[in-house]
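Number of protein chains: 2
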Amino acid sequence: VIESPLQAAILRLLLASAEPVTRTELGLRLGVGRNAVGHEVRRLLDAGVLEAAGFTESRGGRRSLLVRVSAAAGYVGAIDLGATSIDVAITTLASEVVAQAAEEIDVAVGPGPILDKAAAMLRDLLAGQGADLSDLRAVGLGVPGPVAQADGHVVAPPLMPGWNDFPVRDAFAELVACPVFVDNDVNLMAIGEHARGVARDVGDFVFVKVGTGIGTGLFVNFALVRGADGCAGDLGHVCVEPAGPTCTCGNVGCLEAVAAGPAIARAGEEAARTGRAPLLAATLERKGVLDARDVGDAAGHGDLGALAVVRAAAGRIGAALATMVSLLNPSAIVIGGGVSGIGHVFLAEIRTAVYARSLPLATRNLPIVPSALGANAGVIGASVVATELLVAVADVREARWVPIDH
Amino acid sequence: VIESPLQAAILRLLLASAEPVTRTELGLRLGVGRNAVGHEVRRLLDAGVLEAAGFTESRGGRRSLLVRVSAAAGYVGAIDLGATSIDVAITTLASEVVAQAAEEIDVAVGPGPILDKAAAMLRDLLAGQGADLSDLRAVGLGVPGPVAQADGHVVAPPLMPGWNDFPVRDAFAELVACPVFVDNDVNLMAIGEHARGVARDVGDFVFVKVGTGIGTGLFVNFALVRGADGCAGDLGHVCVEPAGPTCTCGNVGCLEAVAAGPAIARAGEEAARTGRAPLLAATLERKGVLDARDVGDAAGHGDLGALAVVRAAAGRIGAALATMVSLLNPSAIVIGGGVSGIGHVFLAEIRTAVYARSLPLATRNLPIVPSALGANAGVIGASVVATELLVAVADVREARWVPIDH
Numbered sequence: 055v056i057e058s059p060l061q062a063a064i065l066r067l068l069l070a071s072a073e074p075v076t077r078t079e080l081g082l083r084l085g086v087g088r089n090a091v092g093h094e095v096r097r098l099l100d101a102g103v104l105e106a107a108g109f110t111e112s113r114g115g116r117r118s119l120l121v122r123v124s125a126a127a128g129y130v131g132a133i134d135l136g137a138t139s140i141d142v143a144i145t146t147l148a149s150e151v152v153a154q155a156a157e158e159i160d161v162a163v164g165p166g167p168i169l170d171k172a173a174a175m176l177r178d179l180l181a182g183q184g185a186d187l188s189d190l191r192a193v194g195l196g197v198p199g200p201v202a203q204a205d206g207h208v209v210a211p212p213l214m215p216g217w218n219d220f221p222v223r224d225a226f227a228e229l230v231a232c233p234v235f236v237d238n239d240v241n242l243m244a245i246g247e248h249a250r251g252v253a254r255d256v257g258d259f260v261f262v263k264v265g266t267g268i269g270t271g272l273f274v275n276f277a278l279v280r281g282a283d284g285c286a287g288d289l290g291h292v293c294v295e296p297a298g299p300t301c302t303c304g305n306v307g308c309l310e311a312v313a314a315g316p317a318i319a320r321a322g323e324e325a326a327r328t329g330r331a332p333l334l335a336a337t338l339e340r341k342g343v344l345d346a347r348d349v350g351d352a353a354g355h356g357d358l359g360a361l362a363v364v365r366a367a368a369g370r371i372g373a374a375l376a377t378m379v380s381l382l383n384p385s386a387i388v389i390g391g392g393v394s395g396i397g398h399v400f401l402a403e404i405r406t407a408v409y410a411r412s413l414p415l416a417t418r419n420l421p422i423v424p425s426a427l428g429a430n431a432g433v434i435g436a437s438v439v440a441t442e443l444l445v446a447v448a449d450v451r452e453a454r455w456v457p458i459d460h
Numbered sequence: 055v056i057e058s059p060l061q062a063a064i065l066r067l068l069l070a071s072a073e074p075v076t077r078t079e080l081g082l083r084l085g086v087g088r089n090a091v092g093h094e095v096r097r098l099l100d101a102g103v104l105e106a107a108g109f110t111e112s113r114g115g116r117r118s119l120l121v122r123v124s125a126a127a128g129y130v131g132a133i134d135l136g137a138t139s140i141d142v143a144i145t146t147l148a149s150e151v152v153a154q155a156a157e158e159i160d161v162a163v164g165p166g167p168i169l170d171k172a173a174a175m176l177r178d179l180l181a182g183q184g185a186d187l188s189d190l191r192a193v194g195l196g197v198p199g200p201v202a203q204a205d206g207h208v209v210a211p212p213l214m215p216g217w218n219d220f221p222v223r224d225a226f227a228e229l230v231a232c233p234v235f236v237d238n239d240v241n242l243m244a245i246g247e248h249a250r251g252v253a254r255d256v257g258d259f260v261f262v263k264v265g266t267g268i269g270t271g272l273f274v275n276f277a278l279v280r281g282a283d284g285c286a287g288d289l290g291h292v293c294v295e296p297a298g299p300t301c302t303c304g305n306v307g308c309l310e311a312v313a314a315g316p317a318i319a320r321a322g323e324e325a326a327r328t329g330r331a332p333l334l335a336a337t338l339e340r341k342g343v344l345d346a347r348d349v350g351d352a353a354g355h356g357d358l359g360a361l362a363v364v365r366a367a368a369g370r371i372g373a374a375l376a377t378m379v380s381l382l383n384p385s386a387i388v389i390g391g392g393v394s395g396i397g398h399v400f401l402a403e404i405r406t407a408v409y410a411r412s413l414p415l416a417t418r419n420l421p422i423v424p425s426a427l428g429a430n431a432g433v434i435g436a437s438v439v440a441t442e443l444l445v446a447v448a449d450v451r452e453a454r455w456v457p458i459d460h
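Protein sequences appear in the order of chains W and V. Residue numbering for the first sequence follows our numbering, starting at 55 and increasing by one per position. Residue numbering for the second sequence follows our numbering, starting at 55 and increasing by one per position.
Simulated from the structure, these hints should not be mistaken for laboratory data. Where a beta carbon is used, it is the ideal one built from N, C-alpha and C, also for glycine. It cannot be assumed that every hint is accurate.
Stated by the list, open to error - Label-pair distances were calculated between CB atoms; the ranges are:
(1) W:D205 - V:A426: 26 to 34 Å
(2) V:R418 - W:A410: 15 to 23 Å
(3) W:F109 - V:D205: 30 to 38 Å
(4) V:G428 - W:N218: 52 to 60 Å
(5) V:P424 - W:D178: 55 to 63 Å
(6) V:G428 - W:A410: 47 to 55 Å
(7) V:E57 - W:F109: 45 to 53 Å
(8) W:V86 - V:D186: 14 to 22 Å
(9) V:S188 - W:G114: 53 to 61 Å
Based on the sequences and whatever the hints tell you, model everything.
The structure is reproduced here in structure tokens:
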């Protein structure tokens, strides 16, 4: 059980640190005397929240004890809910994945069955470790729509019909009996890349997810930008083609409607049916239906029609990102999401479009790189916000921070 | 002379406060004991940096002394350099304008003559108060281009040929012999509106300047977004018409090239010459040339051709701002710059375009309002950053903070 602000500060620092730390270093970094730190560390060790992790190398003097957050201090639940899939993981408090599972779903069946499913998957993963829900300290949950942080409701999510204004945070907290942090899935992916991935220590960057939808998570001055209503970063519904197709949001010509996974699949089918993409036509004949990955595979094997489809979508995304570069002048762009992995042409074409269109000043030092965490960015981000929540909870006793007894 | 961090903290608080403050309140707000605050306030009063401002109303107990920054503590120079004009003011340390002047210039004559001119205007304004450069504590200077904060250089500014990589900050500091803070002009306008204008206490907002160019200053989480290279907020060079006219930046179809002052004037001339705008044609005949204000005036008097020109430009700007709303989800948009004042139709049309295009969630609480500081937003923002610089200067003795002796 966390008993003092200093204990919370020690935990926060250890959770953010990839390596075990000595008490002397903790004191220096927290600006607190060695004795006070030593006292609280001892109490956290006794409580099973921290554990010893060996000693520093000897440099002639006394060797110092290294401590870290205990693997037995409990689990964090991490859930990445997409429009058509759910990824669930349990992690250590240091956001290392212990076990994970994924299932296909249709988010439109509504919050009741989906959240029950998520809780059941968490229970199964915990059972696999000989644990249960009482060993869960906090849960991070990403959803494919805007989230109002004030009350943890999902607000007007185009991809989640039936979820509007649903109190996801409180409903799920009741199912799992521990604190829950809910955020937009792309925000969590950006947080994951910032905490554990390719954007570690990068203060200003844009994370772009290309999947069934297109969204971005923005970091400015080392903090995530959520916006006044929790819907910042909504690149997918920027208008890129005023006379374009109608989008799920009701507007026309949104980037998402012309360049996300479903649009790539549709354009691929069109190319296959009209004879412009022979390889893709063969795939279509074999499978009966195409997805974005099929189009990427055909492009990778030299199918010119498929290549044109991939290039067109990536060029659209790159042009929209160029606007973002003009507006935010980030120091990196990270590309993730299922569709981002459909072949190197996709990323190359995005790069070309961004560099061609932005001012030289804004792109002279602008790496555009793939996500380092890949499909795990969402669950790792979810785990990171869950541990941050845990340390920030005002009445930390509520978090039932007790060691696992097994 | 500022002698301690506590003195600097007291000053920072008094500079940010619109009203005089008691020593007790200073202590409470700084989390410092009354005696320590009283001691430093006395020293600052003795040094002439602070002055007494009467007593609180009696509430039965002893009446408390109110203090504020002394009007005799020195002046701040505030310069707003545009492509075709220079506005110079001297202000109190509390950013109240004492005197100001403006001249028409051509920024393209280069940094040497322009900075000499700015220094001469400052000297004249000071002389009008019986003061001279030695009474100047700091200068804030806005320029119509990107500024690298690390070295105070102007970087690749499309509107400032001949200034690329010029060390504006250090060159001007040499001319005026005091600390100088240089920033993009639109950033300073946003800072002015945040500190003293319509966006006071608003954490997330977009300030848009429409003049010879179009630029924005972005606040996120109560801080200005400068971006990795100091060029964030560059809405003017976002592509809105891929087959559009070539812009000063070398790209094609930039918002600035189709909707800023010069584009409105050109479209107005075209409408006048082709008989679509009879009132405007009369103005053109009389003046021989048109500017954006002429087009706005004719629109205000019911000239349908002029109205169409204003509406088209405002609609373009509104559509680009809708993109910004999707990306940043601000809680307000503030519109300023010379062209923003050409008539109420301009602002109304911007509003219509933003509301029509953005997601309902992002606009349900989104006021779009004119600048409160108007033409003075730039110099007030310049004064605010100059006083912030003054309080932040590491070796504050360098700032020569001594009372004016006159």
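Unmet hints by their number, sorted upward, for this structure: 2, 3, 4, 6 and 8
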